[in-house]
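J.: Please arrange chain C on chain P, whose structure you already have, making use of the hints.
Residue numbers (the numbering used here), protein chains in the order written: chain P, 1 to 290; chain C, 291 to 636.
Take these hints with a grain of salt, some might be off.
Said to hold, decoys possible - Coverage of chain C stretches by chain P, computed from C-beta distances (three or more under 8 angstroms per stretch; other residues unrestricted): (1) 373-381; (2) 392-399; (3) 405-417; (4) 555-565.
If you're looking for bench data, these hints aren't it; they were derived computationally from the structure.
This one's a predicted model, so the numbers in the text were calculated from it and none came from an experiment.
C-beta atoms are modelled at their ideal positions from N, C-alpha and C, and glycine is treated no differently.
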Amino acid sequence: MSAARIPRAARVRRSRLPFRGDLLSRIAVVLLVVFALVAVLGPLLPLGDPQAINVGPRLSGPSGEFLAGTDSLGRSLLPRLAQGLRTTFLLAGVAVLLTAAVSVVLGMVAAYFGGVVGELIARTADVFFAFPAILLAILVVTVSGPGIVGAVVAIALICSPMMIRVVRAAALSVVGRDFVTAARVGGARPWRILFVHVLPNVAGAAIVQGTYALSVGILLESALSFLGLGVQPPEASLGSLVHEGAVYLSIAPWLVLIPGVLLALVIMSVNLLGDGLRDRLDVRAVEVRR
Amino acid sequence: MSRDLVLEARELELEYRTREGRVRSLDSASLTVRAGEITALVGESGSGKSTLGMAAGRLLAGNAEHVGGSLEVAGVSVFACTDERLRALRRATLGFVFQNPVAALDPTMRVARQMELVGILGAEATRALEEVGLRDISRVLRAYPHELSGGMAARVGIAMALGRDPRLLIADEPTAAVDATLREQILELLVERCREHGCALLLLTHDLHAVAHHCTQIAVMYGGRVVEDGPTGEVLAAPLHPYTRALLSALPGEERPGERLESIRGVPPVLRGPSPGCAFSPRCPHVMEHCPHVRPLHAPVEESRAVCCHLFTGELGARAGVPEAAGLAGSAVSSRPADDRPKEAR
Numbered sequence: 001m002s003a004a005r006i007p008r009a010a011r012v013r014r015s016r017l018p019f020r021g022d023l024l025s026r027i028a029v030v031l032l033v034v035f036a037l038v039a040v041l042g043p044l045l046p047l048g049d050p051q052a053i054n055v056g057p058r059l060s061g062p063s064g065e066f067l068a069g070t071d072s073l074g075r076s077l078l079p080r081l082a083q084g085l086r087t088t089f090l091l092a093g094v095a096v097l098l099t100a101a102v103s104v105v106l107g108m109v110a111a112y113f114g115g116v117v118g119e120l121i122a123r124t125a126d127v128f129f130a131f132p133a134i135l136l137a138i139l140v141v142t143v144s145g146p147g148i149v150g151a152v153v154a155i156a157l158i159c160s161p162m163m164i165r166v167v168r169a170a171a172l173s174v175v176g177r178d179f180v181t182a183a184r185v186g187g188a189r190p191w192r193i194l195f196v197h198v199l200p201n202v203a204g205a206a207i208v209q210g211t212y213a214l215s216v217g218i219l220l221e222s223a224l225s226f227l228g229l230g231v232q233p234p235e236a237s238l239g240s241l242v243h244e245g246a247v248y249l250s251i252a253p254w255l256v257l258i259p260g261v262l263l264a265l266v267i268m269s270v271n272l273l274g275d276g277l278r279d280r281l282d283v284r285a286v287e288v289r290r
Numbered sequence: 291m292s293r294d295l296v297l298e299a300r301e302l303e304l305e306y307r308t309r310e311g312r313v314r315s316l317d318s319a320s321l322t323v324r325a326g327e328i329t330a331l332v333g334e335s336g337s338g339k340s341t342l343g344m345a346a347g348r349l350l351a352g353n354a355e356h357v358g359g360s361l362e363v364a365g366v367s368v369f370a371c372t373d374e375r376l377r378a379l380r381r382a383t384l385g386f387v388f389q390n391p392v393a394a395l396d397p398t399m400r401v402a403r404q405m406e407l408v409g410i411l412g413a414e415a416t417r418a419l420e421e422v423g424l425r426d427i428s429r430v431l432r433a434y435p436h437e438l439s440g441g442m443a444a445r446v447g448i449a450m451a452l453g454r455d456p457r458l459l460i461a462d463e464p465t466a467a468v469d470a471t472l473r474e475q476i477l478e479l480l481v482e483r484c485r486e487h488g489c490a491l492l493l494l495t496h497d498l499h500a501v502a503h504h505c506t507q508i509a510v511m512y513g514g515r516v517v518e519d520g521p522t523g524e525v526l527a528a529p530l531h532p533y534t535r536a537l538l539s540a541l542p543g544e545e546r547p548g549e550r551l552e553s554i555r556g557v558p559p560v561l562r563g564p565s566p567g568c569a570f571s572p573r574c575p576h577v578m579e580h581c582p583h584v585r586p587l588h589a590p591v592e593e594s595r596a597v598c599c600h601l602f603t604g605e606l607g608a609r610a611g612v613p614e615a616a617g618l619a620g621s622a623v624s625s626r627p628a629d630d631r632p633k634e635a636r
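Just chain P, with the same shape it has in the complex (with noise of 0.2 angstroms):
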């Protein structure tokens, strides 16, 4: 009786959790809960106002009442962290679903009609992937001015190629298999084919890079934003913190460390994520289990 009883109770909990057997994953999983959380929850925390100047002395180090210092304005740093998390993320997240919308249409397109147009669909992914990342955001938001749509439409310029081809690649494995030609004899038509039967083959593959050009997306939201070609004054991101932080390196070095780690923490859990994720959806299979 008790014999059957402890293997239920251990796999119950075993699979409660999500990545059994990852820590690295899991880890990556509670601190991006947690990031996740103070942004989605920052302006409710009690953290103080992250643009209200002179609510302490300029330029403080943390301490009890300011827990991660003060800047140049006398403005707290903690809620202005909770801020630049909330920018950061919305900014990249935006992007990173726009690139995968735009790339899981046009990868698979290429892969099912191939011919010219599959050509020309990859071949252009091509040139921009061969294109200096900063340089083509530096040009796109000189166009577009600076702000939050340059920014985004350039981490979606940015993160695209690369879907394309994943995405294209996973899904030529895919289109050439019987199930699909069981299907044209079935008489659907090509959209169906590639929502229905392509786009789950090939989800799993798609979610994986997905997490990648988060990170990508992020990193790339932070260096705009630290060139002064993203978020603008007075909002504030981790990258424009970063930025603003910059000149006082020597004096007051927590305005470029605190939200320079968290950066690096974000991108880590991302990343740690995205490996434990091809892990799980055995991407090189293609091959979605659920």
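T.: Quick look at chain C alone, frame taken from chain P:
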């Protein structure tokens, strides 16, 4: 075209564009399949049988090109009709059974959903699965393809192909990837189901034993042409074309102990364009002077058979009647020294 033909290929020519140039896969292939008939299409790998099978639904790879001839399925010209007409034709007339039964099912969907997508719903799905001898239907319907055994997947594939009541089912080596013990069962099931549905079956295969057992008609392909066709019994009992004869003598099972199993020497041709003469002539033991240069006609012999060989047609004119033709073949044999040494070769 007469009413009861579900497939009629007339001098069909198909080429694949490859990096090394064009490869001619069908070189004036002619084949007819009558409604409800079980026809075998046999030939070596590369003989063009899969190309012909896939051409019936215009399901060829993107680099395939229709060069000449016509192909009609249920009276619709496959290479001349609009995409929409083709879609309707595939849906209403054609069914395919593939070599690898598991790969023919979408790994991301439950069986029930897949059947639903091809239009087999609810009770109909249950009935279709019962028909192919599956038990525990509710479990099968809820299963993902990787949860099915090869034999079960093959049965599901057959049920899905026949569930829409096609008029022509094309099975491309349906038993090649199945366990040897299941082969006979699956083939038996396929033939029996087709008979019951009144659906014509075009069976692409290497397995002449199975052909002899199940099929009423046989067509032998070589180098992109149908070199001989007719009722299975007659063709296998008295093969006319030297290739058919070679194929039969290469078949294990009939030899006596100590006797060497004969193989066909040489390799099948890769055609870059229309073959100038008979494609089999380099390997043919009865090759005549004009064989490599003059294309033999696909000509009727007897009532129901046709053969594509200069021994029977060509410059000598169409010769009807097996005894006479066989006599001619016999004389050709004795006049060729090549024919006397196959056994001790190698």
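J.: For the stretch 392-399 of chain C, does the count of residues with a C-beta closer than 8 angstroms to a C-beta of chain P reach 3?
T.: holds (count 7)
J.: Can you confirm whether chain P covers the stretch 405-417 of chain C, using C-beta to C-beta distances below 8 angstroms and requiring at least three such residues?
T.: It holds: at least three residues are needed, and the stretch 405-417 of chain C offers 3 whose Cβ sits within less than 8 angstroms of chain P.
J.: Examine the stretch 373-381 of chain C: at least three residues should have C-beta closer than 8 angstroms to a C-beta of chain P.
T.: holds (count 4)
J.: Mind taking a look at whether chain P covers the stretch 555-565 of chain C? Criterion is 3 or more residues with CB to CB distance under 8 angstroms.
T.: Coverage by chain P is violated here, the residue count being 0 at a Cβ distance below 8 angstroms.
When each numbered hint is compared with the structure, a violation occurs for hint 4 only.
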